[in-house]
Amino acid sequence: MSRQPRSKRVVNLLNALESIYSNPDASIAERLEAAALSAKLLSKKKPAKRQVKSRNVKNALEQIRQLQNGGNK
Amino acid sequence: MIDWSELEELYAASRSDNAAVRTAALQAIESNLDAWVAEYLSLPANCYQETKTVGLYKVATGQPRWTSLPDLANYLAGWLEQNENEGREAFFARTNRLQTDRLGVLLTHHKHQKARDARQCDSDFIRVDGNTFLLSVCWDGSQTGNEVILA
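Protein sequences appear in the order of chains A and B.
Letter 12 of the first sequence, counting from 1, is numbered 832 in the numbering used here, and no numbers are missing.
Letter 48 of the second sequence, counting from 1, is numbered 30 in the numbering used here, and no numbers are missing.
Careful: at least some of the hints might be erroneous.
In silico DSS-like cross-links for lysine-lysine, where the CA-CA straight-line distance does not exceed 30 Å [stated by the list, open to error]:
#1 B:K93 with B:K34
#2 B:K96 with A:K878
#3 B:K96 with B:K40
#4 B:K93 with A:K878
#5 B:K93 with B:K40
#6 A:K860 with A:K828
It is worth saying that the hints were derived from the structure and are not from the lab.
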């Protein structure tokens, strides 16, 4: 099976938890655990888009300027 | 998008006398160079504008003209002019230095391309870091062109 994107996996997981939560045959403990897990998943932030490369260059240039200024003093 | 002023600044820093500055610049160059090269080679200006046959090869519109950095370096070195009173060995050594200076190749090619667009005649040339590059094939060797100065 091919790996699904993160958002799709999270949606599938949330649907599964929802079905446990709304299942009248499940125990109270199971339903509460499903609710807690859903809340935990929903509160997770989506990872920020990676802009490591450009940030690295800007950081490096900032560092270089500081080093040059320090060396010139 | 490539920020050429940032690259110029990094390149200058990579040749600094200060070892800490040099190391920081070289690390930044090393970790980003592949991405810059990939982006640069796929720019529309560096891709074939039409489907045609070049020698034995068929090229398609949008196909990158240079496949890799060594390929680009080899092309650029082809325009390098031998200085007056410069021996053959010294010229070959200078050519090798040019080809192995990876960020230098990218920066110089970018300038060469801009100068090619701005040339008035085929015997015009450009000077970058003490190296003279012809801008086009000049069949009349006696003709002296003008140096193209980029803004």
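Status of the hints after comparison with the structure:
no. : hint               : verdict
1   : B:K93 with B:K34   : 26 Å, holds
2   : B:K96 with A:K878  : 26 Å, holds
3   : B:K96 with B:K40   : 26 Å, holds
4   : B:K93 with A:K878  : 23 Å, holds
5   : B:K93 with B:K40   : 28 Å, holds
6   : A:K860 with A:K828 : 16 Å, holds
Checked against the numbered hints above, the structure violates none of them.
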